[in-house]
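Peer 1: Chains as they are written, first to last, in UniProt numbering: chain A, 1 to 391; chain B, 1 to 346.
Check each hint, because a few of them may be wrong.
[Unchecked claim] Taking lysine to aspartate or glutamate and the DMTMM-like style, the derived pairs with C-alpha atoms no more than 20 Å apart in a straight line are:
#1 B:Lys140 to A:Glu155
#2 B:Lys216 to B:Asp141
#3 B:Lys173 to A:Glu76
#4 B:Lys243 to B:Asp118
#5 B:Lys272 to B:Asp242
#6 B:Lys305 to B:Asp242
#7 A:Lys59 to B:Asp169
#8 B:Lys205 to B:Asp217
#9 B:Lys140 to A:Glu154
#10 B:Lys216 to B:Asp242
#11 B:Lys173 to A:Glu155
#12 B:Lys243 to B:Asp41
Worth flagging that the hints you see were computed from the coordinates, not collected in a lab.
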Amino acid sequence: MKKDIADVPTPFWRNKKVIPFLAQGIFAVIIAISLLFLFSNALDGLRQMGISLGFDFLKSSASFGISESLIDYTPESSYGTAFLVGVLNTLRVSFFGIIIASLIGLVVGISRLSNNWLVNKTASIYVEIFRNTPLLVQISIWYFAVFLPLPRIEESTRFLFSYFSNRGSAIPWFQATSGTLVWVLLFAVGVIASVIVWKLRLKKQIETGENKRPGVWAIGVVILSLVIAFLATFQAPFNITLPTVEGRSFMGGLRLSPEFLAILLGLVIYTSTYIGEIVRGGIQSVQKGQVEAAKALGLKPSTTMRLVIFPQAIRVIIPPVTSQYLNLIKNSSLAIAVGYQEVVSVGETINNQTGKAIESVTIMILVYLTFSLLTSFFMNQFNKRSQIVER
Amino acid sequence: MKRKWFGFLVVILSLSVMLMGCNNEESAEETSLLDTVKDRDLLIAGVNGELPGFSYLDSEGNYSGFDADFARAIAAAVLGDASKVEYRPLSSKERFTAVQTGEVDVLTRNTTWTLTRDTSVGLNFAPVTFYDGQGIIVPKDSGITSIEDLEGARISVESGTTTELNLADQMRKHGINYEAVVYDSQDAAVAAYESGSVDAYTTDKSGLVARKAIMKDPSAHVILDDTLSKEPLAPAVIGGDDKWFDVVKWVVNATIQAEELGITSENVDEFKDSSDPVVQRLLGTDGDLGSQLGLSDDFGYQVIKQVGNYGEIFERNLGPDTKFGLERGLNGLYTEGGLMYSPPLR
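Looking at chain A on its own, in the form it has when it is part of the complex:
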C-alpha cells in the first residue's frame, strides 16, 4: 500500500503552528528556572545564616543621626522615616540639579554655535573638560578641594550678602509672611486668567487681522492680580532674610551644607555638558532651508529661533535629554562619597545596622525606579505634545 505524500501528517516539530510556541515556551521555562534558582539560592543562603526576610524592621527606631532633613527627624524616628528623609534628599538634589543643569546646558549648547570666538571656545573647553572626566572624581574634587578648604566659619568669605565657609554656606532667602498664602493664590489665579485672556485676544487677532496686543493684555491681568493681592494683605509677598554668623552657625538666610553643594555642583556641571551637546545637535539638525525660508518671509532672527528652529529642534532634544535627567537622578547616589545622605547612603546605613540587605536594596531599587519612571512619563507627555501632528 502506497501512501499519498499529502496524507502524511506533519510531525509537530516541523509544524509551523507549533514551533513558535514551543520555542517561546522553552525560553520562558529557562528564564523562570533561572529566576527561581537565584531566588531559592538567596533564600537558602539566608536560612543558613539564620536571617529572616520581612519589612517589620521599618517600624522600629533608627537610632542614628542624619545631618540634613527636610522633615522632622531624630534618632528616635523609625527606619521608615529615615528612608523617607533619604528619598526627600535625593529628590531635593535631583530636582534642583535637573533645573540648573537644563539652564546651563541650554546656554552652553547655544554658545557652542556662537560666531563669537571667545564664547564658542569657552563653551567647547567647558564641555570637553567636564564631559571627559569621571563624575565621582569631579564630586570628590568639589568637596575635598573646593568646599573643605574654604575658611572656617569665623572667617567666612562674604560676597553679595552671602557667606561661604567650610561648615556650609548661607545665602539670602525668602521668608514667608502671614500674607504669603494670599499672594500665591491670587498670583496663581492671575496667571490662569492671563492665559485665558491671551488666548481670547489671539483668537480675535487672527479673526479680525488687527493687532489686539495679546501679550500686553496678559501681563496686565497678572499685574492686576498682584495689585489686588497687595490691597488685600497690605504686606509684601515675602520678607528676605539675610544670613549672619552667630558663634559657629548661621542664623537667617538659607543654609547649604558643603556636602549638598558638592554633590549638586558635581551633578549640574557634569550633566549640563551632555545637555549642551544635545541642544547643539538638536539645533543643528534643523535644516538650513528652514532658516532661509524664515528669512525670505521676513521673520526677525529672534522670531526665527523661537517659532521656526526651536519647535523643530525640541523634537530631537527631548528624548536624549530625558535620558540625561534619568542619569542625573541615578548619579545622585554618588553623594555617599561626600557624606550627603540621600536614599542610598541612608539605605546602606540601615542595611548595615539591621542586616536587612535584601529589603534595603529592594526599597532603593523601587525608589529609583519610581523616580525614573515618573520623570520618563512626564517627559514622554511633553515629547508627544512637541511632535509633528500628522494630518
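Following the hints, complete the assembly by docking chain B onto the known chain A.
Peer 2: For chain B alone, kept in the frame of chain A given last:
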C-alpha cells in the same frame, strides 16, 4: 491557547520543585569554610586597611597591625604558614556583606560584637581581642572639654558603625542637638575633621589614638575623657559554620593561653620539652586538640612561633613602644587586672 499556557505553568512548577529539592540536598552536605581555606591554601581576611596599628599598609606595601596579626595567626594554625593571607580592605558598610557572601573567610576588622550582628546580620563572633570604648576628638583650641560642650556641633562619623548609633544614644541622653555627617570611609571622615568643616570626629578610642598619631599636627588635637560606649572588638565569621567558627575561636584563645603560660615566639621551642600537660596540649606535643578542630595537632605551636602570643601581638602593634603608646588596661590578662581570659584548652 489557555491550555497551552497552563501546560507551561505545570512544567515550570514541577521543574522548580525539583530544583528546590536538590538545593536542600546540597545544603545538607555543605562544606565548611575550613575545607575551602585548606583547598585554596590561602586565607582571605577582611581588614580595615585605613587604621594604623590595627591594619594599615606599611612602607613595604604589606598590611601590618593588630587585626592583621590575628589573620596571620589563623593562617598559621590552618595552613601552617602565617604569610598565606590575602587581605581585603573593607569599609565599615561593606564588611558584613563581604562575610555573608563568602568574599572573605574571616573579618578581622576592629568590629564591635553586638546582639544584632550575631542575629539579624548573621555573624558569629570569636572571643574579644580588644576591649575598646568610643571617644571623641576635638581641636585643642576649640574650648570643648566635655560632651556637654558639643551643643550644635557637626560631628563626623563612619557609616554603618556602632559609633554612629552610640553617638545618637549619648546625645539623646544628654539632650544635645548635633549634626551627624556620615562618610563611608574613615579617610574622608578624618579629612573633613582636619579641615575644620566638622567640629569633632568620633570613633573607638584606639582608632582616635591611631588617627591622631598621623595627623598633620597631633598636638593640636585632644581626645575627650568621656567614653561613650563599650566596644568589644572581635574577629567574626559567617553564622552557621560551626567548624570554622570553632577554629577562629580557639586560635584567639590559644594566643591568650600562651601569654598566660609565658610562652612567647622566642621561647616556644624550649617549652616543647615541657612536662606541664597544659603546655603540652597547647603546643600539640600531647593530646589531639588540633585534630578535634580539624587542624594539625601543633596548631598552637605554629601560631605562637610565627605570630606570637596575645601580649606580643599587642605590644608589637599598639604597646608603649609604638607611636600609639597604649597601655594594656582592660586588655591585660585576668591575672593582671584585665579581661583577657582563655577557657581551658583540653
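Peer 1: Can you list which hints this structure breaks, lowest number first?
Peer 2: 5, 6, 10 and 11
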